[in-house]
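The listed protein sequences correspond, in order, to chains W and B. Here the numbering used here is used: the first residue of the first sequence is 1, the next is one more, and so on. Here the numbering used here is used: the first residue of the second sequence is 1001, the next is one more, and so on.
Hints are supplied without guarantee of correctness; some may be wrong.
Unchecked claim - Under 7 Å between C-beta atoms, here's a sample of chain W residues computed to sit facing chain B:
#: 1; residue: H9
#: 2; residue: L50
#: 3; residue: G53
#: 4; residue: G54
#: 5; residue: G55
#: 6; residue: D87
Unchecked claim - Here are some chain B residues pointing at chain W (derived, C-beta under 10 Å):
#: 7; residue: A1021
#: 8; residue: A1023
#: 9; residue: D1026
#: 10; residue: R1030
#: 11; residue: P1055
#: 12; residue: R1059
#: 13; residue: A1060
#: 14; residue: E1063
#: 15; residue: R1066
#: 16; residue: A1067
#: 17; residue: N1068
#: 18; residue: Q1071
#: 19; residue: R1074
#: 20; residue: L1339
Simulated from the structure, these hints should not be mistaken for laboratory data. Quantities reported herein were computed from a predicted structural model and do not represent experimental measurements. The beta-carbon is built from N, C-alpha and C at its ideal position, and this holds for glycine as well.
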Amino acid sequence: MKVGDVGAHELAGRLRGGLDLDTGPFVVRIETPIAALAEEVRALYRDFPLDEGGGLADFHVVVLHPPGPLGLRRWWRRQATVILDEDRPFEPLPADMAVPMLEWSINWCAATRANQYVMIHAAVLERDGRALVLPGVTGAGKSTLCAGLAHRGWRLLSDEFALIRPGDGALMPWPRPISLKNVSIDVIRRWAPDAYLSTPVPNTNKGTVAHVRPPADSVRRAAEPAAPAWLVFPTFEAGAAPALTRVPKARAFFRLADCSFNYESLGIRGFRTLSRMIDGCDSFEFRYSRLDDALRLVGALPLPPAIA
Amino acid sequence: MRDGGTLLRLLRDPGAMPALAPAEWDVVLRQARHASLLARLEALAESAGLLATLPSRVRARLESARANVDQQHRLIRWEVTRIRRALRDLDVPLVLLKGAAYLHAELPAARGRQFNDVDILVPVERLRDVEAALLRAGWESTGMSAYDERYYREWSHELPPLVHKDRQIVLDVHHNILPPTGRLRPDPRRLLEAARPLGESGLRVLAPADMTLHCACHLFQSGELHKSLRDLSDLDALVRGFAAAPFWAELTARARVLDVERPLYYGLRFARRLLGTPVAPDVEPALARMAPPPPVRAAMDALVGLAIEPDHPTRPRRRIGLARRLLSVRHHWLRMPPLMLARHLTHKALARGRDTG
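Please put together the full structure from these sequences, using the hints given.
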């Protein structure tokens, strides 16, 4: 059964007691009494299956309104706070930030606990079985590019995490909602008028944030990994002419390692996994200002030569 | 008596892992993580050849914990080389304690042992030299209050924690294994004399019996009860690893010499009850002589049984909280004389008041 198949009222009830969501590589247990958050979970995760694995979750995220001193926060300037098992990595925030907090919390869980993978802060998309990896620092336009391509024939693997399986170097999909910031929100609304976006939340520490529901087909294929083919480091620059520049392998290696959450902590396994990825990929820097250019240029990249 | 929940059952009998239901794993993996025992579960499963039989989600979680611990061990090994280099001109014996010792002596207790600090023991008369050499080499104080600093220097068995300015691993420099203000007074010279060199490395570790006693001293004596189960699991691994013939006789004899018979008694009692640690039958009479009066023993049984397991929603929170508070009172009581304790607790209460007020 999928999230969207459960009625709104029933889903809110189940979220109050904890709902196990099968997001692909991880089962996430979300527990929240916040009705507005339940509604957004229902919309953003509509196509995800409920987990039927018998109650074993990988991440446990509780989002609630903290009572505050004397319980005053229940009535005045309500907040939302997250509890991840015994960890509380974030300060409580205004209640309307519950949706981004939930998403950041799930990311935090993966980044700190999923060392069975080599993890890169990158968007990943796939076409014809081969993957495009877009590593990026905040503000580089990674998520905009990701949402743009995901609505023009590319399959979304992930917006935030390239999860590389050390054994064979395959990229594991984790097609969760795509996080858009500020002007990107309107860019994607125009680019993909049919896509569902959550209500924009202003004044977060990343500015205004909204999340895009991942395409249903990407969610349906969440168990199909892909082999990496192209490594593209994007930079958004207003008004710039599009330019795709090849990056030498050694330099690409270190730039990739720089974007990794856990390259150093995996020791030799991290080194071998990234080396294999670099060997099998063509790497580029990509400066762009318009999604049309990006779609055309990135879409025309030839497959890298097979390695012996 | 065999009590406790699923986590204790798995530590006693890893063979029970394959039969666990997913919902049981959900609880036990969270408890193990909380108790810093996730990687130890991985080590137990691996030794028993069970990893392949476990559900893939469980395997992935254990694999991740293993990767974390492997990294910690790499960092600790590196840190120890830096400490050795910083102290090389001092001609001071460098004795590793606890996790760093298990790791460098390649003991089974190192398997899956999670830690991110290094503990060393040096002769008390060389403490100033050692501290000065470390400060020259880039270690710094972790920035505590003047009161805490004084507490460490006057009333504790270690220097205030140090950390190197370029790295994150905490270094605790001990001159004894228990505080000088406490009821039990082991003589650190005896520990240093009996310490064993590790090959040509210039490093030493405590003799097997002393290492085991140090581990037992840590149980319920340290203020960190949430780490007690990890310590008990260490004790279990040490005893199982050392259990060759002379060990048991040495253990009870050294407990007497070092004045730590009661910690040994409790350590073995709870290791046996909770983790099924094998104890040689011929030391039973010696252990029986170390026992506290029956009412005390009964109270400790009840408190430790409740306090040692990590929390989860199905456990009685209030009773556990009370048990932990009582054990903490006991810990303080054993650590310093009544007047000093009263002063210390008053200061801490006032400091807390200032922080929150």
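A quick look at each hint next to the structure:
The closest approach between the C-beta of H9(W) and any C-beta of chain B is roughly 25 Å, which is over the 7 Å cut-off, so the hint fails. Violation of the interface hint for L50(W) is found here, the shortest Cβ-Cβ separation to chain B being roughly 14 Å, above the 7 Å cut-off. Proximity of G53(W) to chain B holds as hinted, the smallest CB-CB distance being about 6 Å (cut-off 7 Å). At a threshold of 7 Å, the smallest CB-CB gap from G54(W) to chain B is about 4 Å, leaving the interface hint in force.
The criterion of a C-beta within 7 Å of any C-beta in chain B is met by G55(W), whose closest approach is roughly 3 Å, and the hint holds. A hinted interface residue such as D87(W) counts as satisfied when its beta carbon comes closer than 7 Å to some beta carbon of chain B; here the least separation is about 10 Å, so the hint is violated. The interface hint given for A1021(B) is met, as the beta carbon of that residue sits about 6 Å from the closest beta carbon of chain W, less than 10 Å. Annotation: interface hint on A1023(B) holds; nearest CB of chain W at approximately 3 Å, less than 10 Å.
About 5 Å separates the beta-carbon of D1026(B) from the nearest beta-carbon of chain W, less than 10 Å, and the hint is met. Checking R1030(B) against chain W by beta carbon gives a least distance of about 6 Å; that is within 10 Å, so the hint holds. Here the hint on P1055(B) is kept, as its CB sits about 7 Å from the closest CB of chain W, short of 10 Å. Checking R1059(B) against chain W by beta carbon gives a least distance of about 8 Å; that is within 10 Å, so the hint holds.
For A1060(B), the suggested interface contact is upheld, since its CB lies about 5 Å from the closest CB of chain W, less than 10 Å. The criterion of a C-beta within 10 Å of any C-beta in chain W is met by E1063(B), whose closest approach is roughly 4 Å, and the hint holds. Hint on R1066(B) holds. Least Cβ distance to chain W is approximately 8 Å, under the 10 Å limit. Evaluation of the A1067(B) hint against chain W yields a held restraint, the C-beta minimum of about 4 Å falling below 10 Å.
The beta carbon of N1068(B) comes within 6 Å of a beta carbon in chain W, closer than 10 Å, and the hint placing it at the interface holds. For Q1071(B), the suggested interface contact is upheld, since its CB lies about 4 Å from the closest CB of chain W, less than 10 Å. Against a cut-off of 10 Å between C-beta atoms, the interface hint on R1074(B) holds, since the closest Cβ of chain W lies about 6 Å away. Here the hint on L1339(B) is broken, as its CB sits about 36 Å from the closest CB of chain W, past 10 Å.
In this structure, the hints that do not hold are numbers 1, 2, 6, 20, in rising order.
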